[in-house]
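Colleague: Residues per chain, in single letters:
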Amino acid sequence: MHNKTLSELSALLHNGDITSVELTQHFLNRIKTHNGNLNAFISVTEESALAQAAAADKQFADKTAGKLTGIPMAHKDIFCTKGVRTSCASKMLDKFIAPYDATVVEKIAASGMVMLGKTNMDEFAMGSSNETSFYGPVKNPWDTDRVPGGSSGGSAAAIAARLAPAATGTDTGGSIRQPSSLCNLTGLKPTYGRVSRYGMIAFASSLDQAGPMAANAEDAALLLNVMSGFDERDSTSVERDVPDYTANLNDSLQGLRIGLPKEYFGEGLAPEVAEIIDVAIKEFEKLGATVKEISLPNTSLAIPTYYVVAPAECSSNLSRMDGVRFGHRCDDPKDLLDLYQRSRGEGFGDEVKRRIMIGTYALSAGYYDAYYLKAQKCRRLISDDFQQAFEEVDVIMGPTAPTTAFKLGDKTDDPVAMYLADIYTINTNLAGLPGMSIPAGFANGLPAGLQIIGNYFDEARLLNVAHQYQQVTDWHKQIPTAFQ
Amino acid sequence: MSLDKSDVEKIAHLARLAIDESTIPDYARDLNNILTLVEQMSAVNTDAVTPMAHPLDAHQRLREDVVSETDQRELFQSIAPKTDAGVYLVPQVIE
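So the protein lines, in turn, are chains A and B. Counting in the working numbering, the first sequence runs from 1 upward without gaps. Counting in the working numbering, the second sequence runs from 1 upward without gaps.
Be careful, since some hints might not be right.
[Claimed, not checked] Computed footprint of chain A on chain B; a stretch qualifies when at least three of its residues, placed anywhere within it, have a C-beta under 8 Å from a C-beta of chain A:
(1) 24–34
(2) 38–50
(3) 53–63
(4) 79–92
Simulated from the structure, these hints should not be mistaken for lab results. Note that CB positions come from ideal geometry on N, CA and C, so glycine has one too.
Same shape as in the complex, but just chain A (with noise of 0.2 Å):
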C-alpha cells in the first residue's frame, strides 16, 4: 500500500477497495514503527489525521470527494498548523501551539488530503543535513549512519522511508532539493512568488519559497496544483493563474533545448556523482532532447552572496522571538534586556545564532553597502546569467549536490564547509528561478539527484521533463530495502 503512487492511491479510494481511515492507519503504524528510529516526525497528530480520514471517507460515500481526498501527507514543521505545535525544530518555539493555519495548509486540508503529523527539519530551515535540529538529526532511509540532507530532511526520511506518501517542504538555498537528492526523491522549488509564504516562518523572506516533495514528478504535479496561487495575504505572491501541471507530463522531449553549465561539473563535483548526471543526459538525448555545454560565468559567487542575503534577513525576521508575546522565556529576567537576551541565547541553537550575528553585522552601520548592498548587486549578475543561459536552451541541468549522503557528524564543526553543500542549488533562489531533483542513481547504495532548472512559471515544463525521464527510468522506484 505505501509503494503506491497517489494516482493509484486515489484510484483504490475512489474504487472503494479501501478507505481513507484504513489508509491512514496503515502510514500512521509504519510512523510508529520507524520513527524511533529515523526522527524523521517531531509530532504525529493520529487523533486528527483518523477523524479528517474519517471526513474524507463520508466525501466519497456522498460523492464529492475530489482527486487527492482522504490521502495522507505530512507537512515540515515550518508550515503554521492551528492547534498543533509548530516549533521549526527549535527550542524557541517548543510550546508554541499555532493559532491559525498557513496558506498552504489550508489549501491541502480543502483537497482533502490528511495530515499525518509534522516533520522534522534544521531548525528555522538552517542548515543542510538536518543536524541543527532542537529535536536531532533525522536519520537517512539509505543509510541511517548518515544524513539526509536538510532543511526538510524529515520530509526526505519520511517519504524515502514510506512513512508518508508526500510531503511539504521548503526550499531557501536548497532545502527542498538538496534533500530529494540525498534521499532518491522528486522534490520541487517553484518560481518565488508562486507558492504563498502566508504562516510558514520566514527564513529569509526573498527567497524562501514552498513546494511538493514525492516519490515521483506526476505525485509532484497533483501537490503543486493545490499548493500553488495568489494569496493576497502574501505581500510577495504573484497574481498569475495556475496552469494543470499534469496537463503537459506526457509531451514528447522530442527538441528540448538542455544547457549544463560547465561550473556545475567543474572541482568539488564527486566523481561518482558526475558519472551519473552523464548517463542521465544520455538517457534525455535518447529521448529526443539536444545537450549543449553553457555557462553561468557568476556561479562562484553565489554562495557568498547567499551567506550575506540569508542571514540580514533572517536576523531581522528572527527578531520578532524575543520572549514576550509567545515562544521561549527565560525564568527571572531582571529587566527587559535580559529578558530578550537570555531568552534568545536561550531559545536559538549555534548555527541560528551565528546567522543571526553575521546578519546583524551586515546591516549594522557603515557596513550596509559593503555587504547586502554588493551582495544584491551580485544577485543582479547571477540572475542575468540565467536570463542569458534561457535565450539558447529551454532547461538547464547539472548535479543537485555534490556529493550523495555523508555521515552524520562529519560536517558539523565546519560552518563553512556545510554551506558547500549547496552549491548548486543556491543560485536558482538568488535568481528566483524554479528548480527540481529527481532520482538519476545510485553509487555505492546512496542515491544521487538529477537537478533541472527551469525559467520563470516553467514549473509545467520541468515536471513534464522529470516524468518523462521517469517513464524510461526506474530510479525513482527504488526504495530502501528496510522500509520496502
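Given chain A's structure and the hints, the job is docking chain B onto it.
Modeller: Only chain B this time, still in chain A's reference frame:
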C-alpha cells in the same frame, strides 16, 4: 578585517543574544570564516549594477484600508509566556 572578542560581544549585544563567555572564541572563528567566504564577492566590479531587491522586480500591492481580522486576543494570549488582564507582562521598564 577580522572580528575580535569585543566585536563579537558588540554584535551579540546588537542582536540581543546572550552568549557564553567561553564560546566567544568559537563564534569569532566561525564568523571570521564566514566573512572570509563572503569577501569573495569583492572579486567582481558591481559599480554599474542595479541591486536586485525582488526576483521578479514586483512592486508592493496596495489594498483598501478595511478591517479584515477579528479580535482573537484570548487565543493569541493563550500561548504567551506571561499575561495579566489582557496585557503581556514584561519586567518593569519605567521606575
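Colleague: Hint by hint, say whether it matches the structure.
Modeller: The hints, checked one at a time:
Interface restraint, the region 24–34 of chain B with chain A: holds (5 residues with C-beta to C-beta distance below 8 Å; minimum three). Check result for the region 38–50 of chain B against chain A: holds, 10 residues qualifying (beta carbon to beta carbon below 8 Å, three or more required). Counting residues of the region 53–63 of chain B whose CB lies closer than 8 Å to any CB of chain A gives 8, so the stated coverage by that chain holds, three being the minimum. Coverage of the region 79–92 of chain B by chain A holds. Counting CB-CB distances below 8 Å, 8 residues qualify, and the rule asks for three or more.
In summary, the structure agrees with every hint in the numbered list given earlier.
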